[in-house]
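**Q** Working from the sequences, and respecting the hints, build out all of it.
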Amino acid sequence: NAGVTQTPKFRILKIGQSMTLQCTQDMNHNYMYWYRQDPGMGLKLIYYSVGAGITDKGEVPNGYNVSRSTTEDFPLRLELAAPSQTSVYFCASRVNEAFFGQGTRLTVV
Amino acid sequence: ILNVEQSPQSLHVQEGDSTNFTCSFPSSNFYALHWYRWETAKSPEALFVMTLNGDEKKKGRISATLNTKEGYSYLYIKGSQPEDSATYLCEGSSGSARQLTFGSGTQLTVLP
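Read top to bottom, the protein sequences are chains G and R.
If you're matching positions, the first sequence starts at 261 in the working numbering and goes up one per residue.
If you're matching positions, the second sequence starts at 16 in the working numbering and goes up one per residue.
These are computed hints drawn from the structure, not numbers from a lab.
Treat the hints with caution; some may be incorrect.
One-sided excerpt, in silico: chain R residues whose CB lies under 8 angstroms from chain G [said to hold, decoys possible]:
no.	residue
1	Leu-26
2	Pro-59
3	Phe-117
Derived DSBU-like pairs (lysine-lysine); straight-line CA-CA distance at most 35 angstroms [as the list claims (entries may be wrong)]:
no.	chain 1	residue 1	chain 2	residue 2
4	R	Lys-84	G	Lys-317
5	R	Lys-72	R	Lys-93
6	G	Lys-269	R	Lys-72
7	R	Lys-84	R	Lys-57
8	G	Lys-317	R	Lys-57
9	R	Lys-57	G	Lys-274
Chain G is nowhere near these chain R residues, computed Cβ spacing over 10 angstroms in every case [what the hints assert, rightly or not]:
no.	residue
10	Lys-57
11	Asp-70
12	Gly-86
13	Ala-101
14	Leu-115
Positions of the beta carbon are idealized from the N, C-alpha and C atoms, including for glycine.
**A** So, in structure tokens, the structure goes:
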């Protein structure tokens, strides 16, 4: 019963590097989301998708890109990492309530 | 962006005390409200989903109520235990399930 799986769990990036955060779900949910959580703050929506081939910006999309080629996968791409992107990232999928992955702690130095 | 606010931001209670906190949201075009429990170093887990005015949901010692006309939901914990210590998030949606916003959470610490 995997649910939502995120990888990696931890990553340190240098400024200007790029990386992809992977997210996959096995519940056949159409809706998928990427959030970031900054210290002392709640969850901010980066991007979301309502189904394969459809993505849309959330509240804080700058510096990120997403794709949704399949129902299961919703990767988040950082092209030019900046210190402001140091955060904990959560992927979620839903029909009604959201199911979250375990999070990725990213540090940009 | 839906404006969802939670209060208080943090709360310390003694073991055995009952407590409650608030989630407020715009009452117009309300769709659904979710409560989540978020333990440190884990990911949020759903507690309740509420859609109808006057809804009341219960899970063990935790319950929640919903007032869509005035735009608020209360979460109650009866007889708090140290294992209840967590951040409690509410998430509101309006118009459609696409427009979702989390509050900043209430961080509860239950002291033994």
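**Q** Please settle this one: R/Ala-101 was flagged as non-interface, so is its CB more than 10 angstroms from every CB on chain G?
**A** holds (14 angstroms)
**Q** Would the pair R/Lys-57 and G/Lys-274 pass a check requiring their Cα atoms to be no farther apart than 35 angstroms?
**A** holds (26 angstroms)
**Q** Taking the shortest Cβ-to-Cβ distance between R/Lys-57 and chain G, state whether it exceeds 10 angstroms.
**A** Violated: least Cβ distance 8 angstroms, not greater than 10 angstroms.
**Q** Interface hint check: R/Leu-26, Cβ to nearest Cβ on chain G, cutoff 8 angstroms. Holds or violated?
**A** violated (15 angstroms)
**Q** R/Gly-86 clear of chain G by more than 10 angstroms, beta carbon to beta carbon?
**A** Nearest chain G Cβ is 18 angstroms from R/Gly-86, so the label holds.
**Q** Against chain G, is R/Phe-117 within 8 angstroms by beta-carbon distance?
**A** holds (4 angstroms)
**Q** Given the hint that R/Lys-72 pairs with R/Lys-93, does the C-alpha gap stay at or below 35 angstroms?
**A** Within the cut-off at roughly 14 angstroms; holds.
**Q** Taking 35 angstroms as the top limit, are the C-alpha atoms of R/Lys-84 and R/Lys-57 close enough?
**A** With a Cα-Cα distance of about 34 angstroms, the restraint between R/Lys-84 and R/Lys-57 holds, given a limit of 35 angstroms.
**Q** Straight-line Cα separation of R/Lys-84 and G/Lys-317 no greater than 35 angstroms?
**A** holds (30 angstroms)
**Q** Straight-line Cα separation of G/Lys-269 and R/Lys-72 no greater than 35 angstroms?
**A** holds (34 angstroms)
**Q** Regarding the assertion that R/Leu-115 does not contact chain G, is the least Cβ-Cβ distance greater than 10 angstroms?
**A** Contrary to the label, R/Leu-115 does not stay out of reach of chain G, its closest Cβ about 7 angstroms off (not over 10 angstroms).
**Q** Quick check for students: does the CB of R/Asp-70 sit more than 10 angstroms from each CB in chain G?
**A** Consistent with the label, R/Asp-70 stays out of reach of chain G, its closest Cβ about 14 angstroms off (over 10 angstroms).
When the structure is compared with the earlier hints, violations turn up for hints 1, 10, 14 and for no others.
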